[in-house]
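When you get a sec, could you build the whole thing from the sequences and use the hints?
Residue-level listing of the chains:
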Amino acid sequence: MEDPKMLFNATNRDTGNSMYDLIRKLYPICRSITGNGVRNTLSILKEIIPIDVVEVPSGTPVLDWEVPDEWNINAAWIKNPEGEKILDFNNLNLHVLNYSTPVDKEVDLDELKRHLYTSPEHENWVPYRTSYYTRQWGFCMSHKQYRGLKEGKYRVKIDSELTKGSLSYGELLIPGKSENEILFVSHICHPSLCNDNLSGIAVATELANYVTTIERNYSYRFLFIPATIGAITWLSRNESHLHKIKHGVVLSLLGDKSPFQFKKSRKEQTEVNKIMSYLLENEYHGKIVEFSPYGYDERQFCSPGFNLPVGRLSRNSFGEFPEYHTSADNLDFVTPEGLQESFELLAKYISIVEGNKTWINQSPKGEPQLGKYGIYKTTGGESVQKDYQMALLWLLNLSDGENSIIDIAERSGVRIEVLLQACQDLIKVGLLKEA
Amino acid sequence: MEDPKMLFNATNRDTGNSMYDLIRKLYPICRSITGNGVRNTLSILKEIIPIDVVEVPSGTPVLDWEVPDEWNINAAWIKNPEGEKILDFNNLNLHVLNYSTPVDKEVDLDELKRHLYTSPEHENWVPYRTSYYTRQWGFCMSHKQYRGLKEGKYRVKIDSELTKGSLSYGELLIPGKSENEILFVSHICHPSLCNDNLSGIAVATELANYVTTIERNYSYRFLFIPATIGAITWLSRNESHLHKIKHGVVLSLLGDKSPFQFKKSRKEQTEVNKIMSYLLENEYHGKIVEFSPYGYDERQFCSPGFNLPVGRLSRNSFGEFPEYHTSADNLDFVTPEGLQESFELLAKYISIVEGNKTWINQSPKGEPQLGKYGIYKTTGGESVQKDYQMALLWLLNLSDGENSIIDIAERSGVRIEVLLQACQDLIKVGLLKEA
Amino acid sequence: MEDPKMLFNATNRDTGNSMYDLIRKLYPICRSITGNGVRNTLSILKEIIPIDVVEVPSGTPVLDWEVPDEWNINAAWIKNPEGEKILDFNNLNLHVLNYSTPVDKEVDLDELKRHLYTSPEHENWVPYRTSYYTRQWGFCMSHKQYRGLKEGKYRVKIDSELTKGSLSYGELLIPGKSENEILFVSHICHPSLCNDNLSGIAVATELANYVTTIERNYSYRFLFIPATIGAITWLSRNESHLHKIKHGVVLSLLGDKSPFQFKKSRKEQTEVNKIMSYLLENEYHGKIVEFSPYGYDERQFCSPGFNLPVGRLSRNSFGEFPEYHTSADNLDFVTPEGLQESFELLAKYISIVEGNKTWINQSPKGEPQLGKYGIYKTTGGESVQKDYQMALLWLLNLSDGENSIIDIAERSGVRIEVLLQACQDLIKVGLLKEA
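Chains as they are written, first to last, in the working numbering: chain A, 1 to 435; chain B, 1 to 435; chain C, 1 to 435.
Hints are supplied without guarantee of correctness; some may be wrong.
Since the list can't tell identical chains apart, any single copy or any two copies may satisfy a pair.
Claimed, not checked - Taking lysine-lysine pairs in the BS3-like style, the calculated list, with each CA pair at most 30 Å apart, reads:
no.	residue 1	residue 2
1	Lys153	Lys267
2	Lys267	Lys357
3	Lys365	Lys257
4	Lys433	Lys372
No lab work stands behind these hints, which were simulated from the structure alone.
Listed below in structure tokens is the structure:
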């Protein structure tokens, strides 16, 4: 008997840099809930993983909503009374209110200010603001610049279009032995924001790549969708399919180095909640957060009419870090190391999902005489193999059809890697069979 | 959308002084478990609320008990060897052992002392003592006076009667749409004691008044009964009726300013336990106490053969304050402010009871597009309406038929006033219907 | 009504010294999982309690195991290069590896050391080591002696036999009114070790003696078996009988004075867990330990194919005290006082088991008028009888068929002695009947 092998070979891959490079490539693109920014993003992903790109026409009814007009933008700027461009969309796409209507006129400072958004708490940062469903025009600028604006006539120009078009999203199914699916969802509607949005896209892309390399009991579905309306649209088009979702995780805010948190699915007793709780509590010093109907797309998947086993994995919490939804959520805010650790956690999660079966002890009366199967020390004392032997004993004792591996890990305190290894050994000698 | 209205308009009434005035009026009357003191008390209440007065003859079997003889008293005093009255029932009705047999004789100090009750820990206070079921005569005096008694012949006189008569209690039913009832119980058997007994009577009376002014889904029953034997008697006469009791609260010790405590009904999972726990934990810094078979009339309502959802609301706990059952529980010990706050809590409780329904989200798949219903902000940022919007989201998410409003309040942490307002708004636009 | 009598009269017996004397008598014998040491031990027990001695032949299949060859030993020693005996089994039977094969040869120091076991952390103590299922020869010595060994030729001699024979165990059934049994298990396979093994044997013996003196609702079975293989053997031979086991307690490590701990049975909701938890938490400041599949024979009784309600009572925990499995677990390590307290706890446990019935209040509507039954004070105030009266009220309130006496003790906080006394009084007056 060797020391238990490290089952989580994914953790040996150095994928942090390739994820970071993808983020750098996607960063300049002006994404929104529809439009060419999304399409360009999906094209770049398609170079890495074979996603399908789905287009759903404006006006299509989707659940209680309808697909909105498509928004595209070419240019946007403000010129001061002296005719100097003091703000330019080309420098930073956050400068325009996302989904802004077009405008091209001269306004005095008072009128201009009614269309300006700033973040007074952080006066050097440009906030990210949207107005998808109320048509208006607007700009976002740093509060410092705002305070310096002088009286006078300003020229404002937003060269945008709101027209019938379509909503675009990307989807990839990687089939496994079972039709039951593990779902990963990331949103693709934010413009130049790195942690919020691009980190999720990058980790999901790398995870899809990884999943193709493993032996899969389950199928894996990856969705790259605009937030809210994208989830609504996908759910609307896939209702007959939803019973196959065994687990789901919404991925967001995974690029910094703050502690992980997992927001549980609304349905309390789900395997995704159990496994993520195990990992965060035992291996990552992370935090488990109760479900609430506020946040990312877990809101839609966990609405009462669906109530799917979908939670959310993040590092910094939604809205709880100062850089959130500002120009400071940029390429300096995320790191290859932060991305890599997020990827590793999710690869571990997948290993556990794949291995988390319920086994039946084939010699349940008394302990089997382990010595005769060659998987137990015969002389005493040494603690090197202590964990492994405890794993054997716990697996045999709790494999009564009531407990899966994750249940046994929780109850025993034995590390799940060791349990999975011991489990394979007990299967080999015929002492465990699948329930 | 306005800021959520204050639903609990009861809290604007200044009823503290009228409750205090009622206590002042009732204070001098010598009540007991039967007799004219109780009848006079009920007559005074009848001037305020239209109670029925019920008379049950002595000797009537009631559950394991029987209605005792009626006790009435005209006078009681002790004269010292010099012939001076040193104690007079007319000055303080606590001076006589409640339910004392008549006596009229000369006794020496030794015999007298065998019939005297004092409270040595508080030597200026006269204790309250009773002997309902063992016939004996006795007086209560301050320990200070007791210590000063000199040898000699004392004249003792108690002009009381124990005769066939009846037990009296008051009852008021205020009907609502439903036959299901909310029950409030206060005891009326204590003589000149303010917090123990009169505070409960006063709050119940004012609450009955208030209930007539609100739109009522439920019926409300108020009982003014002598403790123990009165509850036994009422239960005995109303067995066929008890299934209609949806909640009950025994009211006592509500006139001082100490923190509230709610003693839960014996049956654990009751709405009365849930709502009172919510209010005390979230709004009143009160204490929740587990059921025990010791206390006031919740003992009878929660006996195993009935096991009704009846708890008890008090401030100072039964037997845990020094003034309890002594002459110090007087008009100085209770205040209009203490009474008013108790009344307000109970009015809130009634608002929650009336509003605590279970609703069904009519658009349960995904979140409804709230913007189109006109009950959701369209542009972001401000936190003024944050609570209200969270209320909308929680109500929609948890209105799956499993959760009442109080369940949603507990889980969400959103204040129940805001939830009740948001609930009304969602009903108006058709997004919630009653389960 | 007297003050509640002390029901646990066992606690007045001074049995500590007789248990200690038994330990002193058994200490020199070289026990193992089979052989004459076990037989001699059982003979000595048979002088005190009428056990049956069962012999099961080597080679008998028992569950997943088989009964091993029998081991007996006459002598064992090591002579140094000068021909001096430096270690002798006759001085301390721990010196030989238990189940050692015979050997008689000259070896150099290197080879000798490959057959020596020591305990470096405690260099004056001789460790206890076994090798039941891997045939090898060996000696155990103090690490100090080991360090002093010089180069040269050593003579080693172990005069042992491993032959077809039998495994011996002792069993005693003391019948009660019911066929349902309370099982006490102690292991008898350790040689000169006092706390581990002899303390359990002594307490079980005295307990068997005690049980014959009480009125018994239940039957009591005492097993004196070699660990693991003995439990496996007994279970294998008694499968059809196991449904009668109502509770079981494995007894070990009961002779020192450290706090008690009870390791719960694997099945969570068992009466043995409830009663032991009650006793340890309320009366013994002991510790409750969750089940794990590591320890003494509870491992076998709680294997998933049996899953019996068998826990373990110990003082010092298995493997957690330095003297464990060394020559320091000797006659100085256990005391009559420690043994006596263990015995008393178990006698209390038996009293509670015998008294722990579920009763039904025969007057469940309202409180009965206790005064008329003569079991309730009629005048107030004194706290002497407070506990007793609370016991009456709790028993009446919770005797609805759902709660046994131990449940009522847990919920009420009233001492179980008082509850058992009050229960008897309520039965006498007809207010409680058995469910």
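The hints, checked one at a time:
Within a single copy, Lys153 and Lys267 get their C-alpha atoms no closer than 56 Å, and across copies no closer than 73 Å, so neither meets the 30 Å cut-off. Taking the shortest alpha-carbon separations for Lys267 and Lys357, both the intra-copy value of 21 Å and the inter-copy value of 22 Å come in at or below 30 Å. Taking identical chains as interchangeable, the C-alpha atoms of Lys365 and Lys257 are never at most 30 Å apart, the minima being 49 Å within one chain and 35 Å between chains. When the C-alpha separation of Lys433 and Lys372 is checked against a cutoff of 30 Å, the pair qualifies only within one copy, where the shortest distance is 19 Å, while the shortest distance between copies is 55 Å.
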